[in-house]
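**Q** Below are the chains, spelled out letter by letter.
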Amino acid sequence: MFAYTLRRLLFAIPTLLVISFIIFALLDLSPGDPTANLPLTIPAEVREQIRISLGLGEPFHIRYLLWLQQFFVNEPLNILERMTGWTIGDSANRMRVISWQTRSPVVDIIAERMPQTLWVVGMSYVVGILIAVPIGVLQAYKQYSIFDQVGTFVSMIGYSVPTFFTGLVLIVIFSVQLGWLPSIYDTNLEVNSLDTFWLQVKQMIMPVMVLALANASQIASYMRASMLDNLNQDYVRTARAKGMKEQTVVLVHVLRNSLIPVVTVIALGIPAIFSGAIITEQIFRVNGLGQLLITGIQGADLPLVQTLTFIFAFLIVAFNLIADLLYGMLDPRIRYE
Amino acid sequence: MNYRHMLAGAAIAGLMAPAAWAERGSDGQVNILYWQAISIMNPFLSNGTKDIEAGSLVLEPLARFNETGVLVPYLAEDIPTLENGGISEDLTSITWTLKEGLLWSDGTPVTAADAVFTWQYCTHPEGGCAQAPNFGGVSNVEAVDERTIRITFDGPKPYPYGPLVGGQSPVLQAAQFEGCLGANAPTCTEANTMPIGTGPFVVTDFRANDVVLLEANPNFRDPDKPAFQTVVLKGGGDPASAARSVLETGEFDYAWNAQVEPEILTQMAAAGRGEVLSSFGTLVERIHVNQTDPDPSLGEGMRSTAAHPHPFLTDPDVVKALSLAIDREILVETGYGAAGQVTCNLVPAPDFNASPNNDWCKTQDMEEAKRLLDEAGWVPGSDGIREKDGRRLSILYQTSTNSVRQGAQALIKQWWEELGVETELRNIDAAVFFGADPGSPDTLQKFYADVEMYANNFDGTDPEKYLGDWICDQAPRPETQWQGGNTSRFCSEEFDALLAKLGSTAGQEARSAIAIELNDMIVNSTSFIPLIHRGRVSVKSNSLGGVLLNSWDSELWNAADWYRMQ
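Line order of the protein sequences matches chains A and B.
Sequence positions in the first sequence follow this note's numbering and run -10 to 326.
Sequence positions in the second sequence follow this note's numbering and run 708 to 1273.
What the hints contain is simulated information worked out from the structure, not anything from laboratory work.
Beta carbons are placed, not taken as given, at the ideal position from N, Cα and C, and that holds for glycine.
It is possible that part of the hints are untrue.
[Unchecked claim] In silico negatives: residues of chain A with every beta carbon more than 10 Å from chain B:
hint	residue
1	10
2	19
3	112
4	118
5	134
6	148
7	177
8	314
[What the hints assert, rightly or not] Estimated spans, in silico, between C-beta atoms of each pair:
hint	chain 1	residue 1	chain 2	residue 2	range
9	B	1249	A	139	41 to 51 Å
10	B	862	A	49	34 to 44 Å
11	A	49	B	1007	49 to 59 Å
12	B	779	A	84	42 to 52 Å
13	A	40	B	1014	36 to 46 Å
14	A	115	B	1190	51 to 61 Å
15	B	777	A	101	57 to 67 Å
16	A	84	B	1213	47 to 57 Å
17	B	816	A	77	33 to 43 Å
18	B	911	A	150	38 to 48 Å
19	B	1188	A	-2	31 to 41 Å
20	A	240	B	966	48 to 58 Å
My request is simple: use the sequences and hints to build the entire structure.
**A** Right, here's the structure in full:
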């Protein structure tokens, strides 16, 4: 198992390098211009000067190598320095990855945004799982009952209706018509009393529920399918024949076995939490990573988009590995050598 | 305290009554929403209008344009003119005097050295300053004494109000930006996001592309202002939801740039929580009429050049008839709502530069249009299309791809066909149409069509450079790699001479008179059909007072005067 993990980790290095190159090349080829949002009255020579001051005057491969150095050497050194208080080399003049829009270090912006995304999107994932698992189990256990039919119908809707639609519907109902919940996430709110906690809950309800609905519908259908597979297995009949309580059969034997594929699906979905729910964050103005990515793309802020996308790619590779390892742990029949 | 003190106090309070409806910080918080989030507070490194406007809450120029386009002094004591000796007789220098006792928000005095530094900062060749055009033609900026700044130009400059005037080129604090010259500019994160300024507010927290928190500047020059203690400047989302948060849910007091379909905005405003504001700058949606023949059979290098004048669009009756056949009111209603109004001018604003002489196009007059064509000998043929000497009135009408423009095209085609003019429509992707690529046949400069529609405007209030696009020499042609602003290929010696006169005339009234004359020459020529004067639209809640929407400067230009209505 250890050897396998090590091999996979070593394999990940060239994969990530290739990914970073592809992202960089794609972004470089795409027709974005960091000066495109400037007023039309600014002449072309000034735009050219701005581009050169952003480093766009260098050829492609130089810019790529520079980014590699900034991201893989300078940024980790910087984090190390901050954590330990040491000074390593010439740290004052070490170039960090600088965003073109804000002219500040990209990694600092990402660190500032991370908590909101983890809270809102992470919470929605947890809520989604908590809703989905019991519903999926019940649906499978009472296959073709009214509960199953309604559940399937609701998950179909949750899965097929996009979040920008459900989000707007919720805003129109709860913010505009009823006036119960705020439509704009207040990112300055500090939770330090019961009142502010309640405000925080109120502003999180809509974005969390919109995303939870989408997540839950997907996980519930996996859960239902997996339960159905297992309910027809021989070992279930044997357990029942042994005279075990129905509760034990379903919740201990069947559920545990059915969770194996579902856990994989859940683990593979975790990187999506970090990438934020791009559209939902935009609708509710949650200042998370997804919204950061959108503003970066709109402003053709290549260093920001490049760094964020690469971090997402890294997380996807990492969680693929974790899912594989989890699989081995949950199912003793699977062994990696 | 005795009676005398109280009486004196009452007398002072009475004198200050107009300004004394509020004292500094008495009105709590104002929430402002920009759907494009703020990235940086330094306008010299900004990526767009939103950053310049956010910066204007903190940083101030020597003078700003007010809502009617008139210059008002901010950091300066007054506006230098020829009459008061602020502008030298030979028009090569302008001298500004700072107000007395001005302080930066950190309590240090504002001096002429700060202005000199700002010029050096923006003109540093490696700095990538987005506002460098404001300092165009400046050969030197010097501090004559603590409060006097002299700006020298490399030649006579009849309109010298570019450098350090308007929201785009405010004065920076030399002490804070000292280490940020040239290539170091982007590394000064602290200075770029929390600049020390003279404006009514100071940044207390800055989250890039999300939210800026500000509070009242304790050293602001007017002790009673601003009325608001704190400002929340939130960003992100889209124009429609931004307008909704003011007009329907009331979570915000002010939302910038509500570019929403007119009917949706009207519906939102019906909720009664706020109102839609509009203000008109210099942007005009217009049709340029090709004065040269775009016929493909003439061949590349010959079509759309002055060598071949247009066969019928140089006929004043034809162009006037085309203009009269358009119902501009309907174009405004369907496409722009509060963000548009009918115009018959090329320079529609500010009021002192707008010509009062052109009203004939404001109402549609189909009968008159038909009569003009009949009299000129253009009579309907068997298929209803007018012809004369075997030449059919058939027009290719191009514009950029954009749903509002295609709507306008369809309406205008309908009116022109009613008039008996065959109209073929074409739309070109905006990136290509406005791309100015000399290799592409589809750019607005090449103008391989009979008429084309787009919008254009100019910075500030002075139209000299903008009108300068209409001289003969500015016509795009193969020799200039198809570059140049005179897309219609308008050419008149009289116009060129008058424009040269504008270049050596100082004083606003004299300049306005010439600008109006130049405008009338173009508007009454066969090369131009004005359509719509387009403006800015923003929304504010009913409880926010003091807002004066301004197209000539930052929308937040007078945030110091904003207050909460009871």
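**Q** Run every hint past the structure and note whether it holds.
**A** Right, here's what the structure says about each hint:
1. No Cβ of chain B approaches the Cβ of residue 10 of chain A within 10 Å, the least distance being about 25 Å, so the stated non-interface status holds.
2. The Cβ of residue 19 of chain A sits about 13 Å from the closest Cβ of chain B, beyond the 10 Å cut-off, so the non-interface label holds.
3. For residue 112 of chain A, the shortest C-beta to C-beta distance to chain B comes to about 19 Å, beyond the 10 Å cut-off, and the non-interface label holds.
4. Distance check for residue 118 of chain A against chain B: the nearest CB is about 28 Å away, which clears 10 Å, and the non-interface claim stands.
5. For residue 134 of chain A, the requirement that its beta carbon stay farther than 10 Å from each beta carbon of chain B is met, with the minimum near 41 Å.
6. Interface exclusion of residue 148 of chain A from chain B stands, the closest Cβ pair being 25 Å apart, more than 10 Å.
7. For residue 177 of chain A, the non-interface assignment is contradicted: its Cβ lies about 6 Å from the closest Cβ of chain B, within the 10 Å cut-off.
8. Listed as outside the interface, residue 314 of chain A is consistent with that label: its C-beta sits roughly 36 Å from the nearest C-beta of chain B, beyond the 10 Å cut-off.
9. Look at residue 1249 of chain B against residue 139 of chain A: about 45 Å separates their beta carbons, and that is inside 41 to 51 Å.
10. Distance hint check: the CB atoms of residue 862 of chain B and residue 49 of chain A are about 42 Å apart, consistent with the given range 34 to 44 Å.
11. Roughly 34 Å separates the CB atoms of residue 49 of chain A and residue 1007 of chain B, a value that falls outside the hinted 49 to 59 Å.
12. Judged by the Cβ atoms, the range 42 to 52 Å given for residue 779 of chain B and residue 84 of chain A holds: they are separated by roughly 43 Å.
13. Roughly 37 Å separates the CB atoms of residue 40 of chain A and residue 1014 of chain B, a value that falls within the hinted 36 to 46 Å.
14. A beta carbon spacing of about 59 Å between residue 115 of chain A and residue 1190 of chain B agrees with the range 51 to 61 Å that was offered as a hint.
15. Judged by the Cβ atoms, the range 57 to 67 Å given for residue 777 of chain B and residue 101 of chain A is violated: they are separated by roughly 42 Å.
16. For the pair residue 84 of chain A and residue 1213 of chain B, the supplied restraint of 47 to 57 Å holds, since their beta-carbon distance comes to about 48 Å.
17. For residue 816 of chain B paired with residue 77 of chain A, a C-beta distance near 41 Å keeps the hint of 33 to 43 Å intact.
18. The supplied range of 38 to 48 Å is met by residue 911 of chain B and residue 150 of chain A, whose beta-carbon atoms lie about 41 Å from each other.
19. One distance hint, 31 to 41 Å for the beta-carbon pair residue 1188 of chain B and residue -2 of chain A, is violated here, with the actual separation near 56 Å.
20. At about 56 Å, the beta-carbon gap between residue 240 of chain A and residue 966 of chain B stays in the expected band of 48 to 58 Å.
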